[in-house]
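Enquirer: Sequence:
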Amino acid sequence: PVRRSKLLVRDCDRVIVSSREERIASANCNLDSAEAAPLVEELAIQLWTNSEVERFCLGWFASAMKPATTTTTSSNEEEQLASAVRSATNDVVSALASPLMDSWRGLPLAVTLLSQLRAESSSSSALDNMSPARAYSQVLEIYWRRAKLRLSDRLLRIKENYAHSAHAAGVE
Numbered sequence: 812p813v814r815r816s817k818l819l820v821r822d823c824d825r826v827i828v829s830s831r832e833e834r835i836a837s838a839n840c841n842l843d844s845a846e847a848a849p850l851v852e853e854l855a856i857q858l859w860t861n862s863e864v865e866r867f868c869l870g871w872f873a874s875a876m877k878p879a880t881t882t883t884t885s886s887n888e889e890e891q892l893a894s895a896v897r898s899a900t901n902d903v904v905s906a907l908a909s910p911l912m913d914s915w916r917g918l919p920l921a922v923t924l925l926s927q928l929r930a931e932s933s934s935s936s937a938l939d940n941m942s943p944a945r946a947y948s949q950v951l952e953i954y955w956r957r958a959k960l961r962l963s964d965r966l967l968r969i970k971e972n973y974a975h976s977a978h979a980a981g982v983e
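Residue numbers (the working numbering): 812 to 983.
It is possible that some hints are incorrect.
[As the list claims (entries may be wrong)] Computed Cβ-Cβ distance ranges for the label pairs, DEER-style: (1) Ser862 x Leu967: 23 to 31 angstroms; (2) Ser862 x Leu920: 17 to 25 angstroms; (3) Leu911 x Leu967: 52 to 60 angstroms; (4) Arg961 x Ser933: 19 to 27 angstroms; (5) Tyr947 x Glu888: 32 to 40 angstroms; (6) Gln857 x Leu951: 23 to 31 angstroms; (7) Arg957 x Arg866: 38 to 46 angstroms; (8) Ser932 x Leu967: 38 to 46 angstroms; (9) Arg957 x Lys877: 13 to 21 angstroms; (10) Arg945 x Ser874: 47 to 55 angstroms; (11) Leu920 x Ile969: 18 to 26 angstroms; (12) Thr860 x Ser932: 24 to 32 angstroms.
[Claimed, not checked] The list that follows gives simulated cross-link-like pairs (lysine to aspartate or glutamate, EDC-like), each with its CA atoms no further than 20 angstroms apart: (13) Lys959 x Glu971; (14) Lys959 x Glu931; (15) Lys970 x Glu952.
Treat the hints as calculated values from the structure; they're not laboratory data. These numbers were taken from a predicted model, which means no experiment stands behind them. C-beta: ideal position from N, C-alpha, C; glycine also.
When you get a sec, could you build the whole thing from the sequences and use the hints?
Expert: As structure tokens, this is what we get:
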């Protein structure tokens, strides 16, 4: 028998990866125009530049690491937060520059995945030797873990409400 290799993308497949910004009609990309319709599969992906990646990460980590309380913070705490944000941003930028992630360097999805992974870890080595597949897999594990916790919490509240209602109705 002839062995056939498994192809990730077949000749008949069309794959378009776009960021949210590319969905807005612009001089570079207007999917609604008659000229663009037959060329959709040939649209180039507009990758983020290094400065755009850095700007995104700085904002993302500043939001993710912001203290949940609204109490005033000292200048020392603000400096520590700014340092942590800068460190996490540098970790993501460095990981994107690695040979394993190089082809994904400017893709917003890759930047977001790595940012999420770095935020989940207190270690600056969390993104060492990270590949796109490994990043995706680890982020999915995080989402599953969170979903299980939410479901478990919800089921516990339902059980407590049922027990309270049964007790109030005199049913044991």
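Enquirer: Does each hint fit the structure? Answer for all of them.
Expert: Against the structure, the hints:
1. Ser862 x Leu967: 23 to 31 angstroms: 46 angstroms, violated
2. Ser862 x Leu920: 17 to 25 angstroms: 19 angstroms, holds
3. Leu911 x Leu967: 52 to 60 angstroms: Given range 52 to 60 angstroms: violated, Cβ gap about 41 angstroms.
4. Arg961 x Ser933: 19 to 27 angstroms: Hint holds: Cβ distance 23 angstroms, inside 19 to 27 angstroms.
5. Tyr947 x Glu888: 32 to 40 angstroms: 34 angstroms, holds
6. Gln857 x Leu951: 23 to 31 angstroms: Given about 26 angstroms between the Cβ atoms, the range holds.
7. Arg957 x Arg866: 38 to 46 angstroms: 27 angstroms, violated
8. Ser932 x Leu967: 38 to 46 angstroms: 28 angstroms, violated
9. Arg957 x Lys877: 13 to 21 angstroms: 19 angstroms, holds
10. Arg945 x Ser874: 47 to 55 angstroms: 25 angstroms, violated
11. Leu920 x Ile969: 18 to 26 angstroms: With Cβ atoms ~36 angstroms apart, the hint is violated.
12. Thr860 x Ser932: 24 to 32 angstroms: Since the Cβ atoms of Thr860 and Ser932 sit about 26 angstroms apart, the hinted range of 24 to 32 angstroms holds.
13. Lys959 x Glu971: 18 angstroms, holds
14. Lys959 x Glu931: Holds, at about 17 angstroms.
15. Lys970 x Glu952: Violated: Lys970 and Glu952 sit about 27 angstroms apart, past 20 angstroms.
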